[in-house]
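Peer 1: For the sequence shown, my numbering gives the first residue as 2, with consecutive numbering after it.
It should be emphasised that the hints constitute simulated quantities derived from the structure, not laboratory data.
There's no promise every hint is true.
[To be verified] Okay, derived cross-link-like pairs now, EDC-like style, lysine to aspartate or glutamate, Cα gap no bigger than 20 Å in a straight line: (1) K37 to D221; (2) K37 to D193; (3) K37 to E178; (4) K81 to D177; (5) K37 to E201; (6) K37 to D240; (7) K37 to E215; (8) K37 to D177; (9) K148 to E135; (10) K37 to D200; (11) K81 to E34; (12) K37 to D197; (13) K37 to D235; (14) K37 to D238; (15) K81 to D63; (16) K81 to D132; (17) K37 to D10; (18) K148 to D132.
[What the hints assert, rightly or not] Distance ranges between label pairs, derived from CB positions: (19) L183 to N246: 48 to 58 Å; (20) S154 to D28: 41 to 51 Å; (21) Q253 to P20: 44 to 54 Å; (22) A182 to M23: 21 to 31 Å; (23) A252 to P20: 24 to 34 Å; (24) R263 to R229: 18 to 28 Å; (25) K148 to Q253: 33 to 43 Å; (26) P20 to D66: 24 to 34 Å; (27) D147 to A105: 11 to 21 Å; (28) D193 to Q88: 28 to 38 Å; (29) E257 to K148: 41 to 51 Å; (30) G19 to E257: 38 to 48 Å.
A virtual CB, placed ideally from N, CA and C, is assigned to each residue, including glycine.
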Amino acid sequence: MTTSAVRVDAVRKVYGSGPSAMVALDDVELTIEPGKFVSLIGPSGCGKSTLLRLVAGLEPADRGDVRVHGVTPAQACAAKLIGLVPQAPALLPWLTVLQNVSLAGRVNPGAGRRRAAIEDLEERTTGTGPDMRELLRMAGLGEAMDKLPAQLSGGMQQRAAIVRAFGLRPDVLLMDEPFSALDEFTRESLQDQLLDLWDELRTTVLFVTHSVSEAVRMSDTVVVMAPRPGRIVDVIDIDLPRPRNQRLFEAQRFHEYEDLVRTRLHSAWRMTDAA
Numbered sequence: 002m003t004t005s006a007v008r009v010d011a012v013r014k015v016y017g018s019g020p021s022a023m024v025a026l027d028d029v030e031l032t033i034e035p036g037k038f039v040s041l042i043g044p045s046g047c048g049k050s051t052l053l054r055l056v057a058g059l060e061p062a063d064r065g066d067v068r069v070h071g072v073t074p075a076q077a078c079a080a081k082l083i084g085l086v087p088q089a090p091a092l093l094p095w096l097t098v099l100q101n102v103s104l105a106g107r108v109n110p111g112a113g114r115r116r117a118a119i120e121d122l123e124e125r126t127t128g129t130g131p132d133m134r135e136l137l138r139m140a141g142l143g144e145a146m147d148k149l150p151a152q153l154s155g156g157m158q159q160r161a162a163i164v165r166a167f168g169l170r171p172d173v174l175l176m177d178e179p180f181s182a183l184d185e186f187t188r189e190s191l192q193d194q195l196l197d198l199w200d201e202l203r204t205t206v207l208f209v210t211h212s213v214s215e216a217v218r219m220s221d222t223v224v225v226m227a228p229r230p231g232r233i234v235d236v237i238d239i240d241l242p243r244p245r246n247q248r249l250f251e252a253q254r255f256h257e258y259e260d261l262v263r264t265r266l267h268s269a270w271r272m273t274d275a276a
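Given the sequences, and given the hints that come with them, work out the whole structure.
Peer 2: Below is the structure:
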């Protein structure tokens, strides 16, 4: 039987204690199969980023269980199974783009071995070899490899951060609103390039977003969350053909899924206000 890429079982997370305690997550259940792109969407305070941090092993759950390919998040991190793309690109300013994306592989020489073994492929080059260069070209950074981060736009810096994460070939890639600080045009351009990379590598992705259209466009599954307490209120499978390009925005079925996700979000808010 295939092991789930991510499994969250009856998880509860509380910050603080006593009367001031805040329940960030309550009785959260989620299963993500290998190679799927899953988005978490919901209003601020619904626990999206908290759930991502639990899967990343950055915080423990107070109750319940989190597994990444059958092991704890701490074990998954030690085995280099998890990659993380935060909101800010966090590139080293004194290194070029190529050096930045290659550095992670040099300091994590074990990264990607599990996927390579499973796929019966040779390990990807973790230095400055052709694989990192190829990924940079796929992300539209072929002409920027030798530039410093300060010479790049915010969108280009975030592309480099995404390439850095994919280049390590993690089994699970966690992305915490990576496009939230970007303008709409740049955001859609980066969506294109992220989907190109994902179509090529088929890494399992757990993606946090506030954007309904972004969630529908990118995902195999959209997980709708609600606050007070943070919980999952619906799981919507997105049955749209891939690859997904800009023409998808013109498709009636795309807008039907947008309407469905918005309806579920509004319903969740009404349930919260009535509680």
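Peer 1: Give a verdict on every hint.
Peer 2: Structure-based check of each hint:
Proposed proximity of K37 and D221 is supported: the alpha carbons are some 6 Å apart, at most 20 Å. Pair hint K37 plus D193 holds up; C-alpha atoms about 17 Å apart against a cutoff of 20 Å. Our distance criterion of 20 Å between C-alpha atoms is met by K37 and E178, whose separation comes to about 18 Å. Annotation: proposed proximity of K81 to D177 holds, straight-line Cα distance about 19 Å (limit 20 Å).
Note on K37 and E201: the hinted pairing holds, with a Cα-Cα distance of about 13 Å set against a maximum of 20 Å. For a cut-off of 20 Å, the pair hint linking K37 to D240 stands: about 13 Å separates their Cα positions. Straight-line distance between C-alpha atoms of K37 and E215 comes to about 16 Å, which keeps the hinted pair within the 20 Å bound. About 16 Å separates the Cα atoms of K37 and D177, which keeps this hinted pair within 20 Å; it holds.
Distance hint between K148 and E135 is fulfilled; the C-alpha atoms sit about 16 Å from each other, no more than 20 Å. Distance check on the hinted pair: K37 and D200 sit about 10 Å apart at the alpha-carbon level, within 20 Å; holds. Between K81 and E34 the CA atoms are separated by roughly 18 Å; this keeps the pair inside 20 Å, and the hint holds. Restraint check for K37 and D197: the C-alpha separation of about 14 Å stays at or below 20 Å, so the hint holds.
Between K37 and D235 the alpha-carbon distance is near 17 Å, which keeps this suggested pair within the 20 Å criterion. A hinted pair counts as satisfied when its Cα atoms are at most 20 Å apart, and K37 with D238 qualifies at roughly 11 Å. For a cut-off of 20 Å, the pair hint linking K81 to D63 is broken: about 24 Å separates their Cα positions. Straight-line distance between C-alpha atoms of K81 and D132 comes to about 19 Å, which keeps the hinted pair within the 20 Å bound.
Note on K37 and D10: the hinted pairing holds, with a Cα-Cα distance of about 19 Å set against a maximum of 20 Å. Of the pairs offered as hints, the one joining K148 and D132 holds, with about 18 Å between alpha carbons and a cut-off of 20 Å not exceeded. As the Cβ distance of L183 to N246 is approximately 19 Å, the hint placing it in 48 to 58 Å is violated. Take S154 and D28: their Cβ atoms lie about 42 Å apart, and the range 41 to 51 Å holds.
At roughly 50 Å, the beta carbons of Q253 and P20 sit within the given window of 44 to 54 Å. The hinted window of 21 to 31 Å between A182 and M23 holds, with their beta carbons roughly 26 Å apart. A hinted range of 24 to 34 Å for the beta carbons of A252 and P20 is inconsistent with their spacing of about 50 Å. For the pair R263 and R229, the supplied restraint of 18 to 28 Å holds, since their beta-carbon distance comes to about 20 Å.
Here the CB-CB span from K148 to Q253 is close to 42 Å, well matched to the stated 33 to 43 Å. The supplied range of 24 to 34 Å is met by P20 and D66, whose beta-carbon atoms lie about 28 Å from each other. Taken as a hint, the range 11 to 21 Å holds for the pair D147 and A105, whose Cβ atoms sit roughly 18 Å apart. For D193 paired with Q88, a C-beta distance near 20 Å fails the hint of 28 to 38 Å.
About 42 Å separates the C-beta atoms of E257 and K148, a value consistent with the hinted range of 41 to 51 Å. Roughly 46 Å separates the CB atoms of G19 and E257, a value that falls within the hinted 38 to 48 Å.
Checked against the numbered hints above, the structure violates hints 15, 19, 23, 28; every other hint is satisfied.
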